[in-house]
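Since chain A is already given, all that's left is putting chain B on it; use the hints.
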Amino acid sequence: MKPPPKPSFRQKLWPPIEPVVLILLRDIILFFIVLAALLVGFAGIAGLKAFGMPEERLQILETIHFWAYTTVAMLFLLDMVLKTILEIVRKRP
Amino acid sequence: MIDSLRHFFWEDSQARRLAYAITAFLGILHATTRTLVFHRPERQVAIELFVLVLVLNPGVVALSYLVNLLKARRKLFVIHAYIKSPRFTLNQPIGPLIIIIFLLLIYKLSHFISAHIHITFLVMGLTLVVSLFAIFLSFRKDTASSRTYRLSQKERYGGLVACLILLSAPRLSISKVQAAIVNQRLERAASSIEPDKAAGLPSNQLKSAYQKIASIANTSIEYKIPANSDLVEKVKNNLEVTLKAANPGREDVRRSGVAAFIALVAYARFNNVLIAVNAPTVLLPHGETGNYMLSQVPLKDGAVWWQGSAQGSAIFAILDPSLGAVFPISHSSVVFNAVNFNAFGMRRAFVETDDESQVVIMNATIEGATQKLDAIVWLNIKFKNSQIIYSGGPLYLGDVTFENCQFQFGSDTESQKVLIQIKEMGNQPVTLVSGL
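Just so you know, the sequences run in chain order A and B. Heads up: the first sequence is residues 1 to 93, going by this note's numbering. Heads up: the second sequence is residues 94 to 529, going by this note's numbering.
Because the hints were derived from the structure by calculation, they are not lab data. We treat Cβ as the ideally placed atom computed from N, Cα and C, and that holds for glycine. Do not rely on the hints blindly, as some may be mistaken.
[Unchecked claim] For the chain B half of the interface with chain A, some residues (derived, Cβ under 10 Å), not all of them:
hint: 1; residue: Trp103
hint: 2; residue: Arg109
hint: 3; residue: Ile121
hint: 4; residue: Leu129
hint: 5; residue: Leu259
hint: 6; residue: Gln271
[Unchecked claim] Below, a sample of chain A positions facing chain B; criterion: calculated Cβ distance under 8 Å:
hint: 7; residue: Leu22
hint: 8; residue: Leu25
hint: 9; residue: Leu30
hint: 10; residue: Phe32
hint: 11; residue: Leu39
hint: 12; residue: Gly47
hint: 13; residue: Gly52
hint: 14; residue: Ile60
hint: 15; residue: Thr63
hint: 16; residue: Thr70
hint: 17; residue: Thr71
hint: 18; residue: Leu82
hint: 19; residue: Arg90
So that you can see chain A by itself, here it is in the shape it has in the complex (with noise of 0.2 Å):
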């Protein structure tokens, strides 16, 4: 009787990261969708400038974009900060 083939090191390496993997990417991929979002409302505002929009006005939606930016990487960061901390101070079974 032949003994069961040897796992491969990615059969090995892959299972147990699988679902940590996926979690993650299912949220740096939301990062980048509201990350593109920025963008094309970035490259909307410059658009606005070149047709006339008045300084005051634009200066309110620049603002507005600022601080989108600035929380979109304050929530993402501290996001994946306290993931690294549960991760690490969890309780193993």
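Quick look at chain B alone, frame taken from chain A:
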């Protein structure tokens, strides 16, 4: 507690996303209001935002979970009974919910009532602690979240599109997009003031067309948007012919036309500097005083942009009349923006230019100088205690004020006509172009 928190951050993405969306919305609203309405410094608002995100995030996560929990158990309608019930304790869902709402209200109120930021931070810190406690309490019972480790179709395609947008971003030049828009606007402007068409236009429409052209030129100058030089020349030529041919019969319409023409001439020169390859920008930092003392800076065969600081920069001429102009310019395109000049009445000029140069001087005060106006575009300039020389050459004055100045104008008809117009305006801003 660690397991409960881990459950939040690693497993239940739906509720977390909702929580992040609410936090992001409130955070942006808070930071924008603090910046635009309360004019708080950016650094302070950034710290406030960070603390707010830190506080709101667990708070909203707990809140969303509690709502889900209540929905799942179909007990929303008995909230009142829960509070009144003698069994009501903190480890029941409604307890932390009320605490969170209460603390968030305190936070918002304290923000407006208290002028001291440390009190606000104290309240926010307290909110954070209690929110974490609430999360712990609400997750003592299993919320039975669904575990799915597969990416949905939406996430896959959304991510793909986002990646494509982000990867193509470095190749997409915003200034090219803006230039395309400005070119399109200029094309329309050129056709709107074609001499044949403009002759039949009523005064109001003509004025509106002029104002639109001035707006395009001024916006493009303000945001440094380049455009197609041929197109700018086309609009400029059309406008010049229209201004010479059309007789609107109304002074305000004619003035609008002249103002548009000056703005366009300035933009044409500006554009040459913008599209010149490697045109350097000389930024004058404010430093201690924002003042610079120069003897002479000859500018030859090139393009350069001199930009003053936001607080104001001034160039003082070294007190030696034999040196001539501080900026003798030949065969060059030069823009001076927000650079003030003072020669202390020592008969020195700010700029001296030849016929082959294109010079724009804007947003400045020129004091105690002996300045020739010919062939330079002057936009939003104030001359004070200066000697002004003009000898009938091309003249472009857009909102130029002459205060306590002496005029040394030629005896030709054009010079005398211009002198009369300037004197008529007194200390008011003058907008005029020679020959129009």
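Next item in the hint list is tryptophan 103 of chain B. Is there a CB on chain A closer than 10 Å to its CB? holds (6 Å)
Given hint isoleucine 60 of chain A near chain B, where the shortest CB pair must fall under 8 Å: Where the cut-off is 8 Å and the nearest Cβ of chain B is about 6 Å from isoleucine 60 of chain A, the hint holds.
If you take the shortest Cβ to Cβ gap from leucine 129 of chain B to chain A, is it below 10 Å? OK, holds: leucine 129 of chain B within 10 Å of chain A, min 6 Å.
Status of the threonine 70 of chain A interface restraint (C-beta, 8 Å, chain B): For threonine 70 of chain A, the interface hint holds, since the closest Cβ of chain B sits about 6 Å away, which is under 8 Å.
Leucine 39 of chain A was flagged as interface toward chain B. Is the shortest Cβ-Cβ separation under 8 Å? Hint on leucine 39 of chain A: holds, closest Cβ of chain B at ~6 Å, below 8 Å.
Hint check: 8 Å Cβ-Cβ cutoff, threonine 71 of chain A to chain B: OK, holds: threonine 71 of chain A within 8 Å of chain B, min 4 Å.
Verify the interface restraint on glycine 52 of chain A: the C-beta must sit less than 8 Å from at least one C-beta of chain B. Cβ of glycine 52 of chain A sits 4 Å from chain B, so the hint holds.
Given hint isoleucine 121 of chain B near chain A, where the shortest CB pair must fall under 10 Å: holds (5 Å)
Threonine 63 of chain A as an interface hint toward chain B, with CB separation required under 8 Å: Hint holds; threonine 63 of chain A Cβ to chain B Cβ min 5 Å, cut 8 Å.
Less than 8 Å between beta-carbons is the criterion; does leucine 25 of chain A satisfy it with respect to chain B? Since chain B brings a Cβ to about 7 Å from leucine 25 of chain A, closer than 8 Å, the hint holds.
Per-residue hint verdict: leucine 22 of chain A, partner chain B, C-beta under 8 Å: Status holds, d = 5 Å.
Next item in the hint list is arginine 109 of chain B. Is there a CB on chain A closer than 10 Å to its CB? Hint on arginine 109 of chain B: holds, closest Cβ of chain A at ~8 Å, below 10 Å.
Taken one by one, the earlier hints all hold for this structure without exception.
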